[in-house]
Amino acid sequence: MFLMPPRQALTKEIWNAFVSQSSAEAELPNIDPHLQQVWARCRRQQRHDHWSMPHRAKGVTYASIQKSKAPFLNIAIPAIEDTYEYLESESCAFVISDEVGCTLYLCADSEMKVKLDTLGIQEGVYWREGIMGNNAISSAMHLAKATQTAGFEHFKEALHGFAVYAAPVFGDTGTALGCVALVLPVEKASVSALGLIHSASRDIASQMQAESMLTESNQHLSEVHVLLEGVEEGVLAWYPNGKIHYLNQKGCDLLGLTVSELGREISSILTMPQRVHQAIKQGVGLDMVDTTIESKGRLISLVMSLKIVKNAQNSTHCYIALLYPIKHIRDLVHQHVGNRARLTFDDIVGGSDAMLRVVRQARHAAKGRGPVLLHGEDGIGKSHLAQAIHNGSDRQGQPFIAINCQAIPKELMASEFLGSALESEHSSVSKFELANGGTLFLDQVECLSSEVQAALLHLLKTGLINRMNGNIVSVDVRIVATSNVDLDQYVVEKHFRRQLLLELQTFDIHVSPLRDRIEDVPILAERKLTHLEAEKKTSLALSQEALSFLMRYRWPGNHRELRNVIERSANFSDGSVIRVKDLPDNIITATDHGQTGNKPFHSNNLADSEKVTIIRSALDCRGKIGSMCEDLKVGRTTLWRKLKNYNIDVNDYK
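Under the working numbering, the first residue of the sequence shown carries the number 430, and numbering increases by one thereafter.
Because the hints were derived from the structure by calculation, they are not lab data.
Hints are not guaranteed to be accurate.
Calculated lysine to aspartate or glutamate pairs in the DMTMM-like style (CA-CA distance at most 20 Å, straight line) [to be verified]:
hint : residue 1 : residue 2
1    : Lys-496   : Glu-528
2    : Lys-672   : Glu-640
3    : Lys-1071  : Glu-1039
Label pairs and their in silico Cβ distance ranges [as the list claims (entries may be wrong)]:
hint : residue 1 : residue 2 : range
4    : His-706   : Asn-743   : 33 to 41 Å
5    : Gln-835   : Asn-670   : 50 to 58 Å
6    : Ser-696   : Ser-744   : 17 to 25 Å
7    : Thr-935   : Glu-845   : 20 to 28 Å
8    : Gln-466   : Asn-1080  : 49 to 57 Å
Yeah, the Cβ is synthetic: ideal placement off N, Cα and C, and Gly gets one too.
Using the sequences plus the hints, can you model the full thing?
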């Protein structure tokens, strides 16, 4: 997930101070001088609280701009789309602009598109400081480096809801070709997003340079052959008559061939997929598509780019295929989203017999190779346990792909899990292939469609998947699944396959709800306090009285609810100790039977009941002795004696 940069609150204060002062040239403390100069320049040209629709190129003008930038866009768009496809964000947009800030391409999810459309930000729009105020795209081109402008760093109030990260793209001569940018809601802003967009700009620049090299290879093929032996890709080249004229060592390794195949008819040793034949027929290349090639009777899954090299007469000189192992796509995904299996068994908190039994079972499961089914209520840490199982297995360090099955629409589920079916689409590798060699974590497995259930059952039995394009792929992946429903009942109701359930139950682990192991509450609370101490750079503790209330609560939301309560109480606390008054009302009003609501606390112990009644009165009366006496119908002397007896300090409730 994206996290808000810590500087955001300070920037808001500075922005408020700037727009409220009478002079744009007045010095402001603790502000980047460049930012103040930009704000001052914007203030002389426009109002901070008024938004004008930005200038937009249209029609013939826009078409001409795009045509002149075709070589740049042909590489930049696929690169950005790949990043957009695998970026795990609920709302974002990617922008490609030319060197003067004209938007040449924009892709966004529906939520972000509505926000940008409202401001008139569409393809053809110019990101000019004179109209839109300071922004990352204009700044990146002006400063010639990756730049971010988030929230209140924007002069224009209309842009405060966005965090924009932009990086210029330079050609091999050092000339700016354009700019790529990532737009996020400000609450999703991240210090890592700038690195991501900077990496994308460098990748595009690298691909532009590679494209230039391939064009030049038409005249200097012998020199290129030497270079190609040192690249990471497999390279296969053949003439229009079908004769193979180049194959580097990496290509030999990927295809199971030898250099002795040079000069042979390509169709005699390799069967290319229909997609490649169609591309050759249409005279268009392919860019990073996943496919399957049959080599001497063996099916090989890989990623391919096809380049068509023209000669001086503009006729086809040869075809060059750049080949990558399917692992290349997985590495790109992990590079952008990171390995999310960070937790180990040492991070699983719990001292109760029930939790110790779960961890013991999970450790045994980690040593095995069969599927694991974790079931129990929401919020009990099943995903944490799945990460620990992965990191405790011999697949540690391999891919850990986590999928929330409920979050994928039914109509898209098959293509998500089995890859795309349309030949015209860009590479869409199946989730099973992305997790190859590692673990596929299926959260809420009961939400899988019947088609994907059948594919998963087939995979568990045979180790093969039938991709939607008809290819059969061998996959080595371990399944860890979770469910919070009665899967046996789902089987009875024909919502879930019986055989699939039996396969998943190789290791069947039930995690008890927190109310059944209430003795884990103190250690879970302590772990959350430790995390908060690291964030807040201050010590935090829980009073015994507050802990006793936590121990009486039933925790319908389990671990997640407990963590939220601790964090909320720490924020409400006016010191380093969380007291009863800092707890939410539903925790305080809970009964000893775990019910919640505005009911009195009952106990078999009269003293406990009296103490809780006094505490409740202190909360209601905000620690005022006179009001408490009226509320409890007792005299001041009696009340003071009971306060002392129960060690209750009314100052804690004021």
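Hints and how they fare:
no., hint, result
1, Lys-496 / Glu-528, "14 Å, holds"
2, Lys-672 / Glu-640, "23 Å, violated"
3, Lys-1071 / Glu-1039, "9 Å, holds"
4, His-706 / Asn-743: 33 to 41 Å, "22 Å, violated"
5, Gln-835 / Asn-670: 50 to 58 Å, "54 Å, holds"
6, Ser-696 / Ser-744: 17 to 25 Å, "21 Å, holds"
7, Thr-935 / Glu-845: 20 to 28 Å, "25 Å, holds"
8, Gln-466 / Asn-1080: 49 to 57 Å, "51 Å, holds"
Hints 2, 4 from the list above are not met by this structure, while the remaining hints are.
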